[in-house]
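K.L.:
Residue numbers (our numbering), protein chains in the order written: chain P, 220 to 500; chain A, 18 to 845.
Keep in mind the hints are simulated off the structure, nothing from the lab. Keep in mind that the hints are not guaranteed to be accurate.
Some chain P residues close to chain A (C-beta under 8 angstroms, calculated; not the full set) [to be verified]:
1) Lys225
2) Arg228
3) Val284
4) Val285
All C-beta atoms, glycine included, are put in the ideal place defined by N, C-alpha and C.
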Amino acid sequence: MYRILKNQRLVPNLYHLVVEVPEVARSAKPGQFVMVIPDEKGERIPLNLADFDKDKGTIELVYLVVGVSTRKLSRIKPGSSLAGVAGPLGRPTEIGRKETVFLVGGCFGPAGLYPIARELKLAGNKVIFLTEARDHAYVYWEDKIKAFADHYFNLFRRDCFDSGKTLETAFNMVKLKYPELSRVLVMGCDYLLHKISTLTSSSGIKIEVYLTPIMVDGTGMCGACRVTVSGKTYFACVDGPVFDGHGLDWVEYFARRQAFLPQEQLALGKLEILPPEQKKT
Amino acid sequence: MSQDRISLKINGRVLQVQSGKTILQVARENGIFIPSLCELEGLPAFAGCRLCLVEVAGKPNWLPACQVRAEEGMEIITSTPELEELRRNILQLILSEHPYFCLLCQEKNTCQEEKATISRALEPGGCVFCQKDGNCELQKVVEYLKIEKVEYSFRDRALVLWLDDPFIKHNPNLCILCGRCVRVCHEIRGEGVLTFAWRGQKMEISTAFGRRLLESDCSFCGACLDVCPVAAFSEKGTWSERNRSLRKFNYLCSLCSSVCEMEVEATEEGEILRIHPAEENRPAFLSGCSRGRFGLKELLNDTQGSLKNLAEVDPARRRKEPDLASEEVARKLKQYQPEEMAFIFDGQSPLEEIINFLEIARTLQTKNVFWFYPDDFLTRLAAFEREQAISFRRKLEKEFISRARTFLLVDCDLKNEGLKLWLQVKDRLRQSASLITVDSGLNSLELQASYQLRCRPGTEALALVLLQQKIIEKKPDLDFVEGQALWREKIKKFPLSSWLVRTGLSNAQLEGAAECLLKNGPVVVFFGPGLLRKEGWKATLAYLWNLATCLGAELFPVTIRVNELFLEKLTTRYSAKISPDLLDISSKIRGGEIRAAVIQGEVPLLVKPEFLLVLSPWSSTRLSENHILWPQNNIIFAGGHFGDVFGNLKKRTSGNEVSSGSQKLKEILFSGEVSAFREDELIEELARELISEKMERPKYVLNVSLDEEPGKLFTPVTEDGFRDLIIFIEPNLDCYAGRFMGKEGGSFRLLRHPDLLWLNGEDILRWGLREGQNVILEVEGLEFSLILKADRRMKKQTAVVRPDLHHPFWIKKYKDGLVKGKIRVLKN
Ligand SMILES: Cc1cc2nc3c(=O)[nH]c(=O)nc-3n(C[C@H](O)[C@H](O)[C@H](O)COP(=O)(O)OP(=O)(O)OC[C@H]3O[C@@H](n4cnc5c(N)ncnc54)[C@H](O)[C@@H]3O)c2cc1C
Ligand code: SF4
Ligand code: SF4
Ligand code: SF4
Ligand code: FES
Ligand code: FES
Chain P
220 MYRILKNQRL
230 VPNLYHLVVE
240 VPEVARSAKP
250 GQFVMVIPDE
260 KGERIPLNLA
270 DFDKDKGTIE
280 LVYLVVGVST
290 RKLSRIKPGS
300 SLAGVAGPLG
310 RPTEIGRKET
320 VFLVGGCFGP
330 AGLYPIAREL
340 KLAGNKVIFL
350 TEARDHAYVY
360 WEDKIKAFAD
370 HYFNLFRRDC
380 FDSGKTLETA
390 FNMVKLKYPE
400 LSRVLVMGCD
410 YLLHKISTLT
420 SSSGIKIEVY
430 LTPIMVDGTG
440 MCGACRVTVS
450 GKTYFACVDG
460 PVFDGHGLDW
470 VEYFARRQAF
480 LPQEQLALGK
490 LEILPPEQKK
500 T
Chain A
18 MSQDRISLKI
28 NGRVLQVQSG
38 KTILQVAREN
48 GIFIPSLCEL
58 EGLPAFAGCR
68 LCLVEVAGKP
78 NWLPACQVRA
88 EEGMEIITST
98 PELEELRRNI
108 LQLILSEHPY
118 FCLLCQEKNT
128 CQEEKATISR
138 ALEPGGCVFC
148 QKDGNCELQK
158 VVEYLKIEKV
168 EYSFRDRALV
178 LWLDDPFIKH
188 NPNLCILCGR
198 CVRVCHEIRG
208 EGVLTFAWRG
218 QKMEISTAFG
228 RRLLESDCSF
238 CGACLDVCPV
248 AAFSEKGTWS
258 ERNRSLRKFN
268 YLCSLCSSVC
278 EMEVEATEEG
288 EILRIHPAEE
298 NRPAFLSGCS
308 RGRFGLKELL
318 NDTQGSLKNL
328 AEVDPARRRK
338 EPDLASEEVA
348 RKLKQYQPEE
358 MAFIFDGQSP
368 LEEIINFLEI
378 ARTLQTKNVF
388 WFYPDDFLTR
398 LAAFEREQAI
408 SFRRKLEKEF
418 ISRARTFLLV
428 DCDLKNEGLK
438 LWLQVKDRLR
448 QSASLITVDS
458 GLNSLELQAS
468 YQLRCRPGTE
478 ALALVLLQQK
488 IIEKKPDLDF
498 VEGQALWREK
508 IKKFPLSSWL
518 VRTGLSNAQL
528 EGAAECLLKN
538 GPVVVFFGPG
548 LLRKEGWKAT
558 LAYLWNLATC
568 LGAELFPVTI
578 RVNELFLEKL
588 TTRYSAKISP
598 DLLDISSKIR
608 GGEIRAAVIQ
618 GEVPLLVKPE
628 FLLVLSPWSS
638 TRLSENHILW
648 PQNNIIFAGG
658 HFGDVFGNLK
668 KRTSGNEVSS
678 GSQKLKEILF
688 SGEVSAFRED
698 ELIEELAREL
708 ISEKMERPKY
718 VLNVSLDEEP
728 GKLFTPVTED
738 GFRDLIIFIE
748 PNLDCYAGRF
758 MGKEGGSFRL
768 LRHPDLLWLN
778 GEDILRWGLR
788 EGQNVILEVE
798 GLEFSLILKA
808 DRRMKKQTAV
818 VRPDLHHPFW
828 IKKYKDGLVK
838 GKIRVLKN
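Extracted from the complex, chain P is given alone in its bound form:
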């Protein structure tokens, strides 16, 4: 069984989950993800590994509550178990040496980037870390991340209307300060991924985005997670989840991502109106 040790609200709408999954904890690498099934009747959803501990046999996940499965997850009490966890899945993030890497995370992104930052730093890279959030109240794990970052800073949505600081100015600032910058990793909502890819399109710097297409099996069989990058087709679950943000066919990506929106909305409505005692897992 996958016993839950912790399931706690970190910041509004974002939860921190710690589960015992020794098999995954043993072989996980930064940048990989797992498939989680919240309850017996639940669907499989992919979540990035936010940390893992071989010795304790635990993994950590940080998830945003958006639809049926994540809503169910948010109601499970520590002490009870998840119906299923499969992984680690996806290709681990490449860890080079002596590179300067800029990590940008929004929403669940900082959590998923945390083990990557750690690995990069330990391998001798220079790590610059930006957390993009609405305001300070939405920032989490700041100290934890700082321990593995040469330069850490926050950018708030507030800043955009207060001081005109935007992702663009932030990016330019980093480029100015670290002219050797060669890699940018972005994890978070589609908007952030797309935004950064667009505003760096002529910078010559490699943008690696952690995509979150809809996934069903997570093993390259179903084709649900198909994406097109520079004219070639990939399955995000086995070939990704990281792809070149400049080469991605964003229009297709958004369309596929939103394909089931009305059904998802209805399913969530149905879940909400279930009598409370039937919702218990």
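Using the hints, position chain A with the ligands against chain P.
P.N.:
Showing chain A with the ligands alone in chain P's frame:
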């Protein structure tokens, strides 16, 4: 006084306005905008948000426009640089605890398009994820005040969301503490469930002891949803309307005599998302109840028959009445002799449909026409009127309520039995009118009454006489009506002291109530059908009449079912019979006297005749082979007139013209023959009759014979009687066309459904039972499996059931109002 006109100046403009209004109202009526958040038309002022502060010449301080009344000669300035600065500051403080980023963010629209997860967040971190987006009052005020940045950083209050109640959820982290929900719940609806609470540093909306709504006497009226300016209170299963096409239209709710106008919102596929009150010129929170908004939604969504209708919301595509069977129907019906046919209707349809139905029966010359009506309330009342040569007023004029200073409710749970009437009474209570209840059962209004005469079951009549006795003692010269002196002599001969013991009332309670009735006139007395369903009801009613007479009070029967008052007239006009149980018809069918029946609506006819035509809103109704089902518009599509508790007619204003099975039937049976008949003219005539009928206030007392002593049957069960109960059988209105809400597995069954047994919580405890437990109720040798539900308003050793009145046993017992029973626990 309030008719007086005053003259004042706002921003230099001279205005002539009616006195008695607040500055904010005056400004609004004259097109002058003053920002406000906590104020809402129809709610008492709270002056909590301070956004509406204005400058008044000669006053040292700024005044809240929502609270201060406009006065003659006032000179008001609504906007100065200082005021605007102050408002912006206030608003920024509010925003610092409300996720405001999307309010100010220029990228909101692109972000909305690209974020696949819009509007579904558990806790919105901004408008893009919020249910209220596009329809939010905070958004509007921010726009008006042109807020471009917020000086304070956002503070996450991290309060716990309320997710465990049916239908309603609450996100305290979005709450701006405007207090509207508290005011509507407490002062308008009279529920008093919501309060402000301090938790450490943090103020939030709460219930007593932080219980969930289900355990807090919440009636799930939904008013808190209607008033909340942001998405703090919201309905489960609904979402932001942005970028989605919903079908919306209004209809009249015919589930009870309040006949609220409701709006339904459905998806293209026909799933109902939301039903909420939508009356023109009336704040939403002055109508609607759990049954109409949540129960009906679940019932219709769960019942396949209606979904089909719903998918065809568009009138052009709406299902057509079947033509296939029409020839056959006409042929078959004409085969039978008039006396071999029965016509039965249930009364929940628009009056037009019922009249058409009655016309058909008349044209076919059958005398077997029945209104299936489990309450024979009005029949009993009419019989009483004939016997005593008196008449009760049916039409309820507004002034009676607006003038009254004391309301006396006798066996009448006005909140459940006449919601709109209750809301008007509640309004008077706020203006210091008093409420007195005389009730032996469960009366949800008792906690609001100044005097509660909770007598023992079945002793209402005694309580009324005792009350009158106190009145006479206090005012011996009350002698302005005919028969009064005689009546007074009679009262003296009653065994009053033993009656006092029997009722279980105290002298002090009676004294207090009598005092109140005498001092705070005019008095209006309401009684519900429960009163006439008890042993010795005639005496009780006579005593009540006499009491009202000596007080010079108005006396009204409260009808709880839609159309009741009009159907009473129609049945007389068409010589239809009222049938509370259909047993008689069933036995005639069994005996072969009746061979064909036409049923409108869903009535519990247990024996099916040779030929049966059912006009039903449920396409899933099962019938055997030679029986025919004709679909009828269901409640949300039904167009036409409905009669309400006040004796008013209401007509659906939007959408559907009348189109129904009975109209179709009329056409095919006698194409052309009855064309001279116009149901709309008849309806108007009925309405006129109801107004013009001379029904006067009681002017003389009735001479009641002494042997009519009520309450004999129900000597109280002994205090130590283990699990012995006196059970009140109450009507169950949570039902539409024969289907019960909450029986289909939705959340409504947590509130009310036909298998619940309400008990006093203390009884539950001391008898070793627990709420939610399945028990067997033994009554007169029969056993019923029921679920326990606690209600602290119940009297000890009494219980309430609201059973399915289609069950022959319950309908029989229902007429007596009370029954004795015992609880047995299931062994497993
Ligand atoms: C490799 C990968 C890693 C991810 N890591 C995280 C993470 O660490 N934290 C986090 O909060 N979210 C993460 N996501 C997104 C997360 O999987 C979805 O938010 C989740 O599946 C939503 O499920 P739901 O039932 O709650 O919502 P639904 O109502 O099912 O859908 C909500 C939205 O999520 C998307 N979605 C639905 N099902 C899936 C699916 N099976 N796979 C991907 N997207 C889906 C849909 O496009 C939809 O817009 C990741 C996605 C991928 C592909
Ligand atoms: S309640 Fe209003 S202001 Fe607040 S997030 Fe929702 S839409 Fe935006
Ligand atoms: S639903 Fe009605 S009774 Fe319940 S909390 Fe809201 S306003 Fe009060
Ligand atoms: S819940 Fe809504 S109505 Fe109630 S105080 Fe908060 S914002 Fe106002
Ligand atoms: S999830 Fe099925 S192929 Fe990737
Ligand atoms: S609207 Fe007047 S103080 Fe809130």
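K.L.:
If a hint holds in the structure, say so; if it doesn't, say that too.
P.N.:
Hint-by-hint comparison with the structure:
no. : hint   : verdict
1   : Lys225 : 16 angstroms, violated
2   : Arg228 : 7 angstroms, holds
3   : Val284 : 4 angstroms, holds
4   : Val285 : 4 angstroms, holds
Figure legend: structure checked against the earlier numbered hints; the only hint not met is number 1.
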